[in-house]
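Following the hints, complete the assembly by docking chain B onto the known chain A.
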Amino acid sequence: MQLNNLVDVVGCHAAGEVGDVVVGGVGNVPGETMFDKRNYLQNHRDDLRLRLLREPRGNVIRNVNVVLPSNNPKALMGYVIMESTEYPTMSGSNTICVATVLLETGMLPMEEPVTRFTLEAPAGLIDVECQCRNGKVTSVRFVNQPAFVYQLDATIDVPGIGTLVVDIAWGGMCYVIVDAASAGFKLDPTEGRELRVMGERIKAAAIEQLAPAVHPVHPEYPGITNLSFTNPPERVDGVVRARNAVVVSPGRIDRSPCGTGTSARLAVMHARGQIGAGEHFIHESILGTTFDAVVESTTKQGSIDAIIPSIAGQAWITQLIKVGFDPTDPFPAGYTLSDTWLEPMYAYETTA
Amino acid sequence: MIGRQTINAVDVHAAGEPGRVLIGSHLHVKGATMAERLQYCREHLDDLRLLLLHEPRGYPGLCAVLILPPEHEGSDFGIVVVEQGGFRPMSGSNLICAVTALVETGTLPVTEPVTTLRVDTAVGIVDVRADIVGGKVVRVTFDNVPAFAVAVDYPLELPEYGTVPVDIVFGGQFFVQAKAVDLGIELVPGSAHHLVRAGAVLRTAAQQCFPVQHPLNPDINHVALSMIHGPSPTPWASGRNTVIVPNGAVDLNDPLTWTGVLDRSPCGTGTCGRMAALHARGELALGEEFVHESLLGTTFTGSLKDVTRVGPYEAVLPSVSGRGWIIGFNQCVLDDDDPFPRGYTLGDLWGPETLASVAARTAWSLKGEN
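Heads up: the protein sequence lines correspond to chains A and B, in order. 1 is the number of the first residue of the first sequence in the working numbering; add one for each residue after it. 1 is the number of the first residue of the second sequence in the working numbering; add one for each residue after it.
Isolated chain A, as found in the complex (with noise of 0.2 Å):
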């Protein structure tokens, strides 16, 4: 038996998303910044994120996230996020999951009742402070960078449905944010086929029709790649609660409420009135699970108005995983199948 390129993966999934960190076997990574590594991987090391993320050792659910060691004195530690399509710059579970994985594995020492640390994503430097108890992470409430307002009541034309208001928003991703009832959907579980296929249409249709957003401090950051369902925030004892869909390309929901989607809906609610800064705003996924964010200050990005988001869940270690490939495996980098990865409705910016 022999196994190519042998990396250690420890699963693990924040509020019902998958973000399974990958602890070693890749070795070192050339870049200054973690976002210089990111670009390295995606350039010259694909391969390492199309193994572990589509059949037969992946799925179309699965987020992959490799920690490395950071050049940032500030940050313990770093970690580039691979997805199904794109190597996004931040994401909140995926942070989560990181976090929690480095503590309970103890790559990272863990101190009760609170560890407090920093990270460094690709987007940037990540407070977390850790609820620990008994050696298990509770809590995880990361600082994430500036989310802002692209723009509001934007007008999008999309087949099947006609003319859509949406609000376009960066939250460490950028968002196509649409409420879900002038779509036509209620948010309910049942409507999860039809969510993933509307989500890819309307997100290539604000791809095509709208400017391209591009991120005031770092253009090199990419625009539109996902997009948010939301149905209206209300107010229930002094917390704002809402749910929201997150569709994830190439087309499936995100099992949790999502970080970076909460920070985008976030900076908009602030925008238009909805949210003031303390206030807790707790954000359900679609599989019941929640989110808890704070709007923690104010900045600026640019000449944009942003705000400066936290984001509070839970993780869970799922799986102690060796993956590599045998030398003759006709499948070195997996495969995809439309039952489930479904093909793609506009040009991504990694191909798969």
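Hint data in this document are derived by calculation from the structure and do not stem from the laboratory. Only true hints are included.
Distance windows between CB atoms, simulated:
#1 A32(B) with P344(A): 50 to 58 Å
#2 R139(B) with P212(A): 49 to 57 Å
#3 P327(A) with D251(B): 41 to 49 Å
#4 A32(B) with Y348(A): 53 to 61 Å
#5 P233(B) with P212(A): 35 to 43 Å
#6 G297(B) with D305(A): 48 to 56 Å
#7 P30(A) with G297(B): 35 to 43 Å
Even glycine gets a Cβ: it sits at the ideal position worked out from N, Cα and C.
Leaving out everything else, chain B in the frame of chain A:
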């Protein structure tokens, strides 16, 4: 201390079909015979099945196979197959995964270049030949249990697709098999979601209209899977097929429930059933090679060794060859406070909301928010 349940597995794929080979779970399975063990699994280990095959540790295309001690004197080990639709007695791709894992991890003593093995299943003993080179299993050939056709060209009425001629066959499981051209679908990877839809309808309609029972094991008594087949453009392939695996309850009146997932391999048991049907039609002779291709372009090679009888049915003794590859070593773990102890499913990839996912969401809300 984190309370954590652990399940050890060797992850393998056979012709593209993933099989999580469960080495070390055998002490959980009670029963003296393989039939008793299969029944025990169905009655007591469904939580284990859901944990391994549902999200977050599993996904719609995944199967597993339990390695058990042999039942018969002279047999090497037994298997119970763990599929999205339930525990099954036999599966070609999972058998290939099992043999590959057991040989290549050194769990089974073997000799090169050929080792013969006897595997016990709830539908009979399966003789296996493993071709081994340098510790690597380069081919697994298994003589499957007798396969037979219960009906050939039976006109099955389907919603939307009309009346379609189908074969009802047994190849280790009961299948309903139909031609892609009769369903109006092209047998290519891009049609995967169309094939899944038609396959779900075929299977459910057959289950409702065509009762079956294995003459030797009355517990094997329903059409478990559907196959859609047709010619292959590949010159050396005899035919192409896809088998549709269930992933939720199907209601023939509600097209939204017509879901499932494809077997990524050419399907061993389905191939045996297909060969029985071809033989019944006089289209496949004893000893003639039958190269069956999957949508991914991988192949299993089958042939019929002899004829026999199973109860009232004329049957054949099929042999199938394929190959597996280890992809990883996996310890599935479950924290005692994980909110999804049986995993969960969501309707974007799986069937409509299952009881498992409803229960899972209830567990989350009972746990409370952060």
